[in-house]
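Protein sequences appear in the order of chains G and U.
The numbering of the first sequence is our numbering, which starts it at 1 and goes up by one.
The numbering of the second sequence is our numbering, which starts it at 1 and goes up by one.
Worth double-checking, as some hints may not be accurate.
What the hints assert, rightly or not - The list that follows gives simulated cross-link-like pairs (lysine to any residue, SDA-like), each with its CA atoms no further than 20 Å apart:
no.: 1; chain 1: U; residue 1: K14; chain 2: G; residue 2: S43
no.: 2; chain 1: U; residue 1: K55; chain 2: G; residue 2: A11
no.: 3; chain 1: U; residue 1: K17; chain 2: G; residue 2: A11
no.: 4; chain 1: G; residue 1: K37; chain 2: U; residue 2: D223
no.: 5; chain 1: U; residue 1: K14; chain 2: G; residue 2: G51
no.: 6; chain 1: U; residue 1: K122; chain 2: U; residue 2: E472
no.: 7; chain 1: G; residue 1: K17; chain 2: U; residue 2: N398
Claimed, not checked - For the chain G half of the interface with chain U, some residues (derived, Cβ under 7 Å), not all of them:
no.: 8; residue: Q18
no.: 9; residue: E21
no.: 10; residue: A24
no.: 11; residue: P35
no.: 12; residue: K37
no.: 13; residue: G38
no.: 14; residue: R228
Think of the hints as simulated: they come from the structure by calculation, not from any bench.
Even glycine gets a Cβ: it sits at the ideal position worked out from N, Cα and C.
One letter stands for each residue in the lines below.
Protein chains: 2
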Amino acid sequence: MSANTVEKFNALVKRMKQIEEATAVLIWDLRTGAPKKGVEQRSEVIGMLSGDVFKLSISEEMGQYLEVLTQSDVMESLDEITRESVLERKKEYDRSLKIPPQKYQDYVILTAKAEYAWQEAKANNDFDSFRPYLEEIVATLGEFIELWGYGKDKYDTLLDQYEPGMTVAKIDEIFLPLRERTVALVKLIADKEQVRRDFLNQAFPKADQREFCEFILRQLGYDFEAGRLDESSHPFAIGLNPGDVRVTTRFRADDMQSSLFGTIHECGHAMYEQNISGDLVNTYLATGASMGIHESQSRFWENMIGRSLEFWNRYYQDLTERFPEQFAGVSVEEFYRAINLVEPSLIRVDADELTYNLHIMIRYEMEKDLINGVITVADLPRIWNEKMEEYLGVRPDNDTNGVLQDIHWAGGAFGYFATYSLGNIYAAQLEAAISREIPKYKELVAAGDLTELKAWLTDKVYRHGKALKPAEIIYRATGEEINAKYLIQYLESKYQSIYKI
Amino acid sequence: MSANTVEKFNALVKRMKQIEEATAVLIWDLRTGAPKKGVEQRSEVIGMLSGDVFKLSISEEMGQYLEVLTQSDVMESLDEITRESVLERKKEYDRSLKIPPQKYQDYVILTAKAEYAWQEAKANNDFDSFRPYLEEIVATLGEFIELWGYGKDKYDTLLDQYEPGMTVAKIDEIFLPLRERTVALVKLIADKEQVRRDFLNQAFPKADQREFCEFILRQLGYDFEAGRLDESSHPFAIGLNPGDVRVTTRFRADDMQSSLFGTIHECGHAMYEQNISGDLVNTYLATGASMGIHESQSRFWENMIGRSLEFWNRYYQDLTERFPEQFAGVSVEEFYRAINLVEPSLIRVDADELTYNLHIMIRYEMEKDLINGVITVADLPRIWNEKMEEYLGVRPDNDTNGVLQDIHWAGGAFGYFATYSLGNIYAAQLEAAISREIPKYKELVAAGDLTELKAWLTDKVYRHGKALKPAEIIYRATGEEINAKYLIQYLESKYQSIYKI
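Only chain G is shown next, with the shape it has when bound in the complex:
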């Protein structure tokens, strides 16, 4: 009987995944040039299909299969993939059923309204107009946490949505030394002579930028037979299935960094999804292990490879051949320093690799305190500005460039920000393991041979999809639990060298 149930369960999950794949194509299409007069109708179609998947995820049918398949003797008889697939669906099922449907629907409407209110508030530098929405979101998340249940810290329940198994206790322990050492390093850099980067902001014809991005994607090993590069206002990568993982970028006429490093970043996400094992297709395991592990790959490729001197020792000539006038008289070392310029600034998405984590920590600390009732929504603008001053030495003179800059909170995405820095931390741990296991890896990068590196990452990370937990992936790949040691070492070594500290 359970064999039959396994088949039915897999068929139901496959159906859900197939509807989601169709929906994802529609979303990709909307973001890459769908005509605007069709958007309203298309959004309804997306809503209908998403609703179908949600209904299936909490259907009586699903409930029956999960009840059978999670019995311990049945569970033991399942193959590994099916077992993980059942557990993954069971977690979602329980999570969804714990929230009364009306409450959840109200929340969806609330966040939709809040996103609109946030846009207005940001445009008008008017936090107070956004405040009631944010207060209601925080209150609702508080109710959800009570319904979902929580362990040591209420905020853990939110973190777990994006980074399964991650806790406040763990993050606090990791972030503290990273923050202290980063703040110290940023201060040292502030006393040093700044590097040049004027040559990065010139006229760069879009068609040339595009061709260079395509060239770099091919060099990195992005498979164009399993993907494509398009333009969108916000760059993204989207995995429809491992044979179709698309990336987008945006081209700015006077800035080649934006398209190039945006492309490499999304390429990291995409190569992860392109190399997920075929066994996992048509299950919910055919995706990244977590937001943090996913981000570790975009950051690894963008920063540790794409902003390394070895990489540009190999490709700078190609760049200067494509843009001979723009880089006339600029050495590869000057280029390398320019793309790694450190400068405390107000806006997270424009921040450099070093100061970026400080932007994240500010948000993480405030979210945690908000959810635990230590601070209130009304306190946010003041605390934001104080922390910016303390960690980064800059203070926004309005909320538009401060507490209102990100969309995340308006969408209810509390627990998400931390994963950006977890990604950097994981990336550095993986990089250290690679250095040990492929001692010549930097020489290989300098020679443009990324095969071994890609194979290692595929073996340790990519192929497993979501069949392993983030902590398992990191432990198996590096022999250690998550810790900030390697990121601190990497950042200090890199920036002390660049700034001659």
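With the hints as your guide, set chain U onto chain G.
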């Protein structure tokens, strides 16, 4: 009770249409650059969604609603759109339910295999290897006709699939004079000096072709806020909803006719769908009235406008500015004659406007005789070649360029070909009506002002979608039933002038 049933029926139909819209986006995506490694998985998704729509179309639920809503007293109480929508679905429901599911599934598999066999047979000039498939298709269609029922002629039942209400009796009556007069005209032209067209086959950079196609699309009134132009190996137009109707074309490096007139052709299809009344959205009436009426619009815009002297009197300067070297020393009259060159040839898709209808009639006559058992599949190559000789004065020396050239029969699309010429006939009737009702319309075309023309077509044709039958549309718009008089007049007048007959 019936009000409630109306609501439920409309909701069910809306759901089906929404799934079909998602499926159509997936199909568009597959044809315009989806990465090949994702195609197999994507095809499964399309199959799943299409299967869902089919199941809904013959579901018990649908059956119940149709039973209630087609009762004569209920029917009378329905608003016009709902009534037509109910009748449209009822026809599909009856049609689908009359075929035993297993028989239909076998037929789908047969045509899939036959398309593959046809490709091989065409590549190898081997009709005999394709013959058994075609025999089985013809036999199966014969069984379907028995199950569906038929009136005076068995073939009427197949015609009705593509051109509701059309019959053999009617087509025979219309095609005969068209054939005789066309054959005569083609013979007269053969004795005349041929016009130049060497300048059409030169190097035309793709980017310039693309820009010119976009320019022409805008001039014709294609709404880019409700559509987009992409590339595909076979040009097509696809209406996702009236706010999103996309066109594609293909660019040949040495031929600007292909992309330009392909684009105008698809633009005609697309403007039809862009201007369907919003009331019809989410019903099966939000599409063209028939294949023939749809084709009348692609042909009207491609040939009657896009290949007219008035049109090029307005736009030839734009063309020569875009391609100054290619058209150096070529007058607008020479260009006009070149794009209207008449020359009997073997391949339908490359045929000119005049001889095209003869290609269609050959296929129509053979299909009709095949379905009625007058001839057999084995006779096809011989009869094909004889008719080519008789109507066009050219004879293929192999089946690849003869009976094997089209995919239609392999897909079971018997009854389809005739609609291409019906489209030309409708187009000429509509053009004659326009000439009467907007006497200055050719001057307006020459002035680049197509507003009134578009408004007339929208009022008479486009807005009605499938809510009116083809015959109703033509009678209301022109005051006459379908007849070939206007097409004959148009062709004779145009080509006698071009060839100075």
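Results of checking the hints against the structure:
About 14 Å separates the Cα atoms of U/K14 and G/S43, which keeps this hinted pair within 20 Å; it holds. Distance check on the hinted pair: U/K55 and G/A11 sit about 17 Å apart at the alpha-carbon level, within 20 Å; holds. Distance restraint check for U/K17 and G/A11: the Cα-Cα separation of roughly 24 Å exceeds the 20 Å cut-off, and the hinted pair is therefore not satisfied. The hinted pair formed by G/K37 and U/D223 meets the criterion: a straight-line CA distance of about 10 Å does not exceed 20 Å.
The suggested pairing of U/K14 with G/G51 holds, with an alpha-carbon distance near 15 Å, which does not exceed 20 Å. For the hint pairing U/K122 with U/E472, the CA-to-CA distance comes to about 40 Å; that exceeds 20 Å, so the pair is violated. The straight-line distance between the Cα atoms of G/K17 and U/N398 is roughly 48 Å, outside the 20 Å bound, and the hint therefore fails. For the restraint placing G/Q18 at the interface with chain U, the shortest Cβ-Cβ distance is roughly 5 Å, inside the 7 Å limit, so the hint holds.
Contact between G/E21 and chain U, as hinted, is supported at the beta carbon level, the nearest pair being about 5 Å apart and thus within 7 Å. A cut of 7 Å between beta carbons decides the hint on G/A24: the least distance to chain U is about 10 Å, and the hint is violated. Against a cut-off of 7 Å between C-beta atoms, the interface hint on G/P35 holds, since the closest Cβ of chain U lies about 5 Å away. This hint holds: G/K37 has a C-beta 3 Å from the nearest C-beta of chain U, less than the 7 Å allowed.
Satisfaction of the interface hint for G/G38 is found here, the shortest Cβ-Cβ separation to chain U being roughly 3 Å, below the 7 Å cut-off. For G/R228, the suggested interface contact is upheld, since its CB lies about 6 Å from the closest CB of chain U, less than 7 Å.
Hint compliance for this structure: hints 3, 6, 7 and 10 are broken, all remaining hints hold.
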